[in-house]
Amino acid sequence: MKLPIFIADAFTTKAFRGNPAAVCLLENKLDEDLHQKIAKEMNLSETAFIRKLHPNDNFTQSSCFGLRWFTPQNEVPLCGHATLASAAVLFHKIKNVHSTLTFVTMSGELKARKEEDGIVLDLPLYPAHPQKLHEVEDLIKTAIGDTLVQDVRYSPDTKKLLVRLSDTYNRSFLESLTVNTENLLQVETTGKVKGLILTLKGEPGGQTQAFDFYSRYFAPWYGVAEDPVTGSAHTVLSSYWSEQLGKKDLHGRTVLFQFKKLLNFKLVFLFIYAIHLKM
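Each position in the sequence shown, counted from 1, maps to that position plus 9 in this note's numbering.
Calculated directly from the structure, the hints in this document are not laboratory data.
Because the structure is a prediction, the values reported are computed rather than measured.
Careful, some of the hints might be misleading.
As the list claims (entries may be wrong) - Subject to a maximum C-alpha distance of 30 Å in a straight line, what follows is the list of computed DSS-like cross-link-like pairs (lysine-lysine):
#1 Lys-104 x Lys-150
#2 Lys-102 x Lys-49
#3 Lys-49 x Lys-210
#4 Lys-120 x Lys-201
#5 Lys-168 x Lys-11
#6 Lys-123 x Lys-23
#7 Lys-49 x Lys-201
#8 Lys-61 x Lys-141
#9 Lys-141 x Lys-120
#10 Lys-203 x Lys-141
#11 Lys-168 x Lys-256
#12 Lys-61 x Lys-46
#13 Lys-256 x Lys-141
#14 Lys-38 x Lys-61
#15 Lys-102 x Lys-11
#16 Lys-141 x Lys-11
#17 Lys-141 x Lys-123
#18 Lys-123 x Lys-150
#19 Lys-201 x Lys-168
#20 Lys-38 x Lys-11
#21 Lys-46 x Lys-141
#22 Lys-123 x Lys-201
#23 Lys-120 x Lys-46
#24 Lys-46 x Lys-11
#25 Lys-23 x Lys-120
#26 Lys-203 x Lys-120
#27 Lys-201 x Lys-150
#28 Lys-46 x Lys-203
#29 Lys-150 x Lys-120
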């Protein structure tokens, strides 16, 4: 069996940066268990599988495809960077003739639009509702110890817990914060939480560009200790910070602890959201 598989670095213009995803093009139906085996073999945070929806479809001429995402451990309902990677492979490697592609997914239909300077994805916005602290206090303490928390929200659509750190902290604090993900699987076993978002209000730009918020994302329940840049997390972050700041045009920045650097989400929003929120 031969399957074309591409690896694309999302959210960056330079090789070996950003967030890599594998993209597998399925000419024929794949045995169900092989999806997970391939994702485990690729060992990236996400592997995307693009499939034809009709017998006469082809990857160059058709505009609508099925799309699924797998971590090395589980199938997930939504992945932004692997969707971006899938669109990039179809547009730039397969030379799909359309300017807009539709992906049929577990999260509904997602559209990817090719523009001169990138690719724009239309992703859903998921509200995060106030969460009683005592119900998730053990999880938060396990993850970040005695770090001060300003707000806690929960997104039932995505099963993500959003934890906003105190405004007294700055970007450098979030960047250097050691997060204990190893014990989270023992603390949260109900299945309610599948992802942990840490976020912080942005700072004035000064000599550099201002950002509205910063974030980090952790999903050990899916076998991903920390994901460098996560589109699905931003479906929750965008909704939350738009409400908090009263804005629909947002610039966010994700913090990478492992590499001690920050990725510029101006590029991310150019590639993923072009983020004019529709509320």
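Right, here's what the structure says about each hint:
Distance hint between Lys-104 and Lys-150 is unfulfilled; the C-alpha atoms sit about 49 Å from each other, more than 30 Å. Under the criterion of a C-alpha separation no larger than 30 Å, the hint pairing Lys-102 with Lys-49 is consistent with the structure, at around 24 Å. Taken as a hint, the Lys-49 and Lys-210 pair is broken in the structure, with Cα atoms around 35 Å apart against an allowance of 30 Å. Distance restraint check for Lys-120 and Lys-201: the Cα-Cα separation of roughly 28 Å lies within the 30 Å cut-off, and the hinted pair is therefore satisfied.
A hinted pair counts as satisfied when its Cα atoms are at most 30 Å apart, and Lys-168 with Lys-11 does not qualify at roughly 36 Å. For the given pair, Lys-123 sits about 19 Å from Lys-23 by alpha-carbon distance, which is consistent with the 30 Å threshold. For the suggested pair Lys-49 and Lys-201, the alpha carbons sit about 24 Å apart, so the restraint of at most 30 Å is met. Taking the CA atoms of Lys-61 and Lys-141, the gap is about 44 Å. The hint is violated against a cut of 30 Å.
A threshold of 30 Å between alpha carbons decides the hint, and for Lys-141 with Lys-120 the separation of about 35 Å lies outside it, so the pair is violated. A C-alpha spacing of about 17 Å is found between Lys-203 and Lys-141, which places the hinted pair at or below 30 Å, so the restraint holds. Only pairs whose Cα atoms come within 30 Å are accepted, and Lys-168 paired with Lys-256 is accepted, the gap being roughly 24 Å. Our distance criterion of 30 Å between C-alpha atoms is met by Lys-61 and Lys-46, whose separation comes to about 20 Å.
Restraint check for Lys-256 and Lys-141: the C-alpha separation of about 26 Å stays at or below 30 Å, so the hint holds. Simply put, Lys-38 and Lys-61 have alpha-carbon atoms about 9 Å apart, close enough for the 30 Å limit, and the pair holds. Proposed proximity of Lys-102 and Lys-11 is supported: the alpha carbons are some 18 Å apart, at most 30 Å. Using a Cα cut-off of 30 Å, the hinted pair Lys-141 and Lys-11 is violated, with the two alpha carbons roughly 50 Å apart.
The suggested pairing of Lys-141 with Lys-123 is violated, with an alpha-carbon distance near 42 Å, which exceeds 30 Å. Annotation: proposed proximity of Lys-123 to Lys-150 is violated, straight-line Cα distance about 43 Å (limit 30 Å). Distance hint between Lys-201 and Lys-168 is fulfilled; the C-alpha atoms sit about 6 Å from each other, no more than 30 Å. A C-alpha spacing of about 13 Å is found between Lys-38 and Lys-11, which places the hinted pair at or below 30 Å, so the restraint holds.
Simply put, Lys-46 and Lys-141 have alpha-carbon atoms about 38 Å apart, too far for the 30 Å limit, and the pair is violated. For the proposed pair Lys-123 and Lys-201, the alpha carbon gap of about 36 Å is over 30 Å, so the pair is violated. Taking the CA atoms of Lys-120 and Lys-46, the gap is near 27 Å; set against the 30 Å cutoff, the hint holds. Straight-line distance between C-alpha atoms of Lys-46 and Lys-11 comes to about 15 Å, which keeps the hinted pair within the 30 Å bound.
For the hint linking Lys-23 to Lys-120, the alpha-carbon distance of about 24 Å falls within 30 Å, and the restraint holds. The straight-line distance between the Cα atoms of Lys-203 and Lys-120 is roughly 25 Å, inside the 30 Å bound, and the hint therefore holds. Taking the CA atoms of Lys-201 and Lys-150, the gap is about 17 Å. The hint holds against a cut of 30 Å. Simply put, Lys-46 and Lys-203 have alpha-carbon atoms about 21 Å apart, close enough for the 30 Å limit, and the pair holds.
Using a Cα cut-off of 30 Å, the hinted pair Lys-150 and Lys-120 is violated, with the two alpha carbons roughly 38 Å apart.
The structure fails to meet hints 1, 3, 5, 8, 9, 16, 17, 18, 21, 22, 29 from the earlier list, while all remaining hints are met.
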